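The listed protein sequences correspond, in order, to chains W and Z. 121 is the number that numbering that gives the first Met the number 0 gives to position 122 of the first sequence; each next residue is one higher, with no gaps. 100 is the number that numbering that gives the first Met the number 0 gives to position 101 of the second sequence; each next residue is one higher, with no gaps.
Hints should not be assumed to be uniformly reliable.
Copies of the same chain look alike in the list, so a pair counts if it works inside one copy or between any two.
Unchecked claim - Only pairs whose alpha carbons sit at most 20 Å apart, straight line, appear in this in silico DMTMM-like list of lysine to aspartate or glutamate:
| id | residue 1 | residue 2 |
| --- | --- | --- |
| 1 | Lys130 | Asp152 |
| 2 | Lys8 | Asp99 |
| 3 | Lys130 | Glu40 |
| 4 | Lys115 | Asp6 |
Hint data in this document are derived by calculation from the structure and do not stem from the laboratory. Values in this document were obtained by computation on a predicted structure and should not be read as measured data.
There are 2 protein chains.
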Amino acid sequence: MKIKEEDIKFTQRSSVQEIEEGTSFSPKFNADGLLPCITVEYETNQILMFSYLTEEALKKSISLKLAHYYSRSRNNIWLKGEISGMKHFIEDIFIDDDQDSIIYVVRLNEPSKGGKKASCHVGYKSCFYRKIKVKEKSIELEFTEKEKSFNPDIIYDGIANPTKI
Amino acid sequence: MKIKEEDIKFTQRSSVQEIEEGTSFSPKFNADGLLPCITVEYETNQILMFSYLTEEALKKSISLKLAHYYSRSRNNIWLKGEISGMKHFIEDIFIDDDQDSIIYVVRLNEPSKGGKKASCHVGYKSCFYRKIKVKEKSIELEFTEKEKSFNPDIIYDGIANPTKI
Chain W
0 MKIKEEDIKF TQRSSVQEIE EGTSFSPKFN ADGLLPCITV EYETNQILMF SYLTEEALKK
60 SISLKLAHYY SRSRNNIWLK GEISGMKHFI EDIFIDDDQD SIIYVVRLNE PSKGGKKASC
120 HVGYKSCFYR KIKVKEKSIE LEFTEKEKSF NPDIIYDGIA NPTKI
Chain Z
0 MKIKEEDIKF TQRSSVQEIE EGTSFSPKFN ADGLLPCITV EYETNQILMF SYLTEEALKK
60 SISLKLAHYY SRSRNNIWLK GEISGMKHFI EDIFIDDDQD SIIYVVRLNE PSKGGKKASC
120 HVGYKSCFYR KIKVKEKSIE LEFTEKEKSF NPDIIYDGIA NPTKI
């Protein structure tokens, strides 16, 4: 079933019972108007990225079944894959108990200029390509993805890196 | 390997290259001193909950290998399972490309007063027990967990519900 963006209405939050145990869709955006969003791969359950949504980004995502996110650094809504070709095709959207966070369950595709199916701008499949390794007196990161899925210098040629110090 | 909480130091963020491609652990807490955290089940990859961490909650979690979270409504750090018995035993901690969000990979256990292994205070295994169902002119929620894993009235008897309208 498809729905137009303008036909998507959120139900007003009226009781804890309805929010937690009901079937009304009442997402709660935070004081900045943002809703945390976890993106996970449909086939594997692998977590791909973490982001924030605005109301408009969420409605576009539901209507078009293509993930739209909000960029806090650029202050705009972006269609994932618009530049790279690595779109997020939405299969399901889950919401949590108090309806203040969301999961997009997505299928990936290949970057438009070559490479394997992936999601992360650094070149890995998932943004979560490192885990912590506890040593006796320190913490280090260890790579869990050994090879990049694509070459970011080719896919994002001339585009500023979104990562900030 | 175990590390004491006081021995855990974060590396100062000095370059995008080191943040994204290096092995230094440099988590970035937001303007409120919080780091978004996704909790996922070790055996199944199922996402269980979304929360925020403070620096202290993260350090305690790394040191004790038991998930500690930050409650924004109660303004304190809490050991998951302290009341219910449903602890989160940490197997791995992943961090994303720009090091501003975290995944706890955990094993669950049963509530102390009876029930199946679970995580969510409403009684379900995961906090994400509903997904959206798109109709022609509206959105509804659909339950993906059909039965509760435990009775929250028994496990949280006398404890205020954390969900806010």
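Do the hints match the structure? See the list:
When the C-alpha separation of Lys130 and Asp152 is checked against a cutoff of 20 Å, the pair qualifies neither within a copy, at 24 Å, nor between copies, at 37 Å. For a Cα distance limit of 20 Å, the shortest separation of Lys8 from Asp99 inside one copy, 16 Å, qualifies, whereas the shortest one across copies, 31 Å, does not. In this assembly of identical chains, the alpha carbons of Lys130 and Glu40 lie at most 20 Å apart whether taken from the same copy (19 Å) or from different copies (15 Å). For the homomeric pair Lys115 and Asp6, neither the shortest alpha-carbon distance inside one copy (36 Å) nor that between copies (40 Å) is at most 20 Å.
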